[in-house]
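> Letter by letter, the chains look like this.
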Amino acid sequence: MTRTYLSFVVAFGLALHAGTAGADINVFTCEPEWAALATELGGAHVVAESATHGLQDPHYIQARPSLISRVRKADLVVCTGAQLEIGWLSMLLGKANNPAVLPGKPGFLEASTLVPKLDIPQSVDRSQGDMHVGGNPHIQGNPHNIALVAKGLADRLVTLDPVNADAYRSGLDSFLQRWQAAIAGWENLAQPLRGKTLVAHHRSFTYLEEWLGLVELATLEPLPGIPPTSAHLAELLEMLGTDGNGAAFIIREAYQSPKASEWLSDKTGIPAVLLPTTVGGSTAATNLFTLFDDIINRLLEARP
Amino acid sequence: MRTRKYLALWLGLVSVCNLYAADPSASEVQALRDELKVIRTEYESRIDELERRLDAAEQATRDASNTANLAQEEVRQARAEIAVPAASSSSASSVSVAPDNSFNPSMGVIFQGQAWAYEQNPEDYAIAGFPFGGEAGPAAEGFSLAETEINIAANVDDKFTAWLTMPIVYEDGETKVEIEEAWVETLALPAGLSVRMGRTYSNIGYVNNQHSHSWDFTDQPLPYQAFLGNQYLDDGLQMRWLAPTDFYLEVGAELFRGDRYPSGGATNSGFGSHTLSLRSGGDVGVSNSWLAGLSWLSADSADRPSGDANDPLLFNGATDLYIASFVWKWSPFGNWREGNFKFQAEYLWRNEKGAYSVLGLDSMPWDSDQHGWYMQAIYQPLAQWRFGVRMDRLGGDVPSSAWAGTPLYYPGDDPSRYSLMVDWSNSEFSRLRFQYTLDDSSGENDNQFGLQYIYSIGAHGAHSF
Chain R
468 MTRTYLSFVV
478 AFGLALHAGT
488 AGADINVFTC
498 EPEWAALATE
508 LGGAHVVAES
518 ATHGLQDPHY
528 IQARPSLISR
538 VRKADLVVCT
548 GAQLEIGWLS
558 MLLGKANNPA
568 VLPGKPGFLE
578 ASTLVPKLDI
588 PQSVDRSQGD
598 MHVGGNPHIQ
608 GNPHNIALVA
618 KGLADRLVTL
628 DPVNADAYRS
638 GLDSFLQRWQ
648 AAIAGWENLA
658 QPLRGKTLVA
668 HHRSFTYLEE
678 WLGLVELATL
688 EPLPGIPPTS
698 AHLAELLEML
708 GTDGNGAAFI
718 IREAYQSPKA
728 SEWLSDKTGI
738 PAVLLPTTVG
748 GSTAATNLFT
758 LFDDIINRLL
768 EARP
Chain S
2 MRTRKYLALW
12 LGLVSVCNLY
22 AADPSASEVQ
32 ALRDELKVIR
42 TEYESRIDEL
52 ERRLDAAEQA
62 TRDASNTANL
72 AQEEVRQARA
82 EIAVPAASSS
92 SASSVSVAPD
102 NSFNPSMGVI
112 FQGQAWAYEQ
122 NPEDYAIAGF
132 PFGGEAGPAA
142 EGFSLAETEI
152 NIAANVDDKF
162 TAWLTMPIVY
172 EDGETKVEIE
182 EAWVETLALP
192 AGLSVRMGRT
202 YSNIGYVNNQ
212 HSHSWDFTDQ
222 PLPYQAFLGN
232 QYLDDGLQMR
242 WLAPTDFYLE
252 VGAELFRGDR
262 YPSGGATNSG
272 FGSHTLSLRS
282 GGDVGVSNSW
292 LAGLSWLSAD
302 SADRPSGDAN
312 DPLLFNGATD
322 LYIASFVWKW
332 SPFGNWREGN
342 FKFQAEYLWR
352 NEKGAYSVLG
362 LDSMPWDSDQ
372 HGWYMQAIYQ
382 PLAQWRFGVR
392 MDRLGGDVPS
402 SAWAGTPLYY
412 PGDDPSRYSL
422 MVDWSNSEFS
432 RLRFQYTLDD
442 SSGENDNQFG
452 LQYIYSIGAH
462 GAHSF
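Those protein sequences? They're chains R and S, same order as listed. First residue of the first sequence? That's 468 in our numbering, and the numbers climb one at a time after it. First residue of the second sequence? That's 2 in our numbering, and the numbers climb one at a time after it.
Don't read these hints as lab results, they were simulated from the structure. Only a predicted model underlies this, so the values are computations on that prediction, with no experimental measurement involved. Some hints could be false.
To be verified - Restricting the straight-line Cα-Cα distance to at most 20 Å, the calculated cross-link-like pairs of lysine to any residue (SDA-like) are:
{"no.": "1", "chain 1": "R", "residue 1": "Lys572", "chain 2": "S", "residue 2": "Gly283"}
{"no.": "2", "chain 1": "R", "residue 1": "Lys572", "chain 2": "S", "residue 2": "Ala163"}
{"no.": "3", "chain 1": "R", "residue 1": "Lys572", "chain 2": "S", "residue 2": "Glu136"}
{"no.": "4", "chain 1": "R", "residue 1": "Lys540", "chain 2": "S", "residue 2": "Gly283"}
{"no.": "5", "chain 1": "R", "residue 1": "Lys540", "chain 2": "S", "residue 2": "Ala189"}
Please model the entire structure based on the sequences and the hints provided.
Here you go:
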């Protein structure tokens, strides 16, 4: 009974809300996957825009004036965190003069805190490259992580906009239902990829590899954040040999220069594959679902 | 049981790090299963993950002798992580809080050093009509340490944040620790407002508030050297308001003590200078963005020194300085690392009205308009290499012949400099730079060759646009 009554009140609230665009939650995300997720969960109640697009490396973004003015107006800032945006996010937050979205406030959500992280370094020494002390931040590679973030994000939308709480909860339920079904499909499709070995440009695919049972032999970068050098590529060539030593893929992000992976592919015969790391990272990856469709398609197609 | 296989693989990799792990036992694995059943009722959302780990651990016991113990530890950790923070839904964390790499406060040190070769003696460097004040002037000949800068910063509480920059410098045969910046800033003001209190670089212009390690050349452009003593920095109050508009619009106002060039003597009972600034900017497509600004600095001076430090000129009067700044940045699809181009230009115009006392003579009235500009472009075609070119120039009224023979007499010769720069950055934290400057500003052509290094350790700073 109470429940019916409650949903009636909420429905009334929704109807009321529909007329006032100002009641929408304005979400600023650092990466496109979180904007896509916020839209999946919040539907029309959420206006979500990402600071970066799928062809941009989220490590290296300029703290542009346009981004500062967007943070100024945001109700919720959603970023991967784990130091992925260390070079620019604090500058945006510092200049935007918006106390509601500072770390520690309900208006700031660090997605990586919601998932178990990999690659947590035993010690942090920059001689090992630009280490992320909190672990590898590229958590969106595993769709199970997206589900975990979805729950945290829905909670946050409820906190910030309690009037539409039911809408966010049903948005979450509907998303998780479709998402779990999709995961089962992907896992089924990707069975032939299990145990395949690969070389990655940067350690952006660690979570994807863990999910699909792929084994990363090496990275094109000699150290995280240091671009590929000819000396390091020569070492990789020696390791892989001219027959590729059984490695199945050389994968790179959409925003990395193809030079290094194509050179190594040319020498070893291992196919070089561009994998979108987020929504918009390829023409097919238009939302979270097609993102993983495309990743798995690309790997299956390139499989030797 | 695909899950098992790949987790076993992953655990196998991780286990290499855990050489100390002891042999597992079947009872331990069983105990874990039991514990899991209890947790299941409360934490349905986490159970799948735990089971996967446990399954993997079982699989791994057959493959490797030491993984189950690790898995036990994994499960125990995972359980502990779930048990603690899941209670508070408003907290950002339901698994673990990402640790910061900073202590509280965060700390960083920036190392800068250089070597310069000049054709003319830099000790005699002076631009006729533009006696330098503040920190302006060429770097020492030969090897020298520039500032070694210690940065300490942290949030004070929920409403304030604080920043300290302490350069350690070697000057006049002495090592000194200076306070370059020391300010606190509000975090919680409404309506897009923030207020900063303390010693800070003024918000005027574009490069004025940039620390020397983020300059694109080893030195400041000539108009900044001539009109701002390199950079205007003072004690006071800074206010910024960011308009709630779709495009970027920031209004800034500052009130300073007025004790540093181009101000001096802390006039008006220690409220000697003030500024106003207006900034706007935006994007043009995904590859281009821009920032433009207008600023005004009004400074009153009492016995403000400039020129030769041993026999300074003293200025009493009012300075008005106007700066127009423009910055354009390009990078392919906004991918800064892959390549980028930055164009930057500023025009500075100043009027000084008052009186100068020159070389022990009586003070003479002075009213002069001067201007200067620079243009520079930085191109980064590859991830680690940047190439830059800069041109700077000064100009202004030619004073009456009464000033002839004094450092204030400007002969109207358009002092200018041309600089070329190449730098290589192995990572974000290191940079090696070569700079060549052809400098005719002090009357004779001077070929200047410089090498510079900039390294930083500790806190990873974010960069402004």
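> Next step is simple, just say for each hint if it's right about the structure.
Outcome of the hint check:
no.: 1; hint: Lys572/R to Gly283/S; verdict: 28 Å, violated
no.: 2; hint: Lys572/R to Ala163/S; verdict: 19 Å, holds
no.: 3; hint: Lys572/R to Glu136/S; verdict: 42 Å, violated
no.: 4; hint: Lys540/R to Gly283/S; verdict: 15 Å, holds
no.: 5; hint: Lys540/R to Ala189/S; verdict: 15 Å, holds
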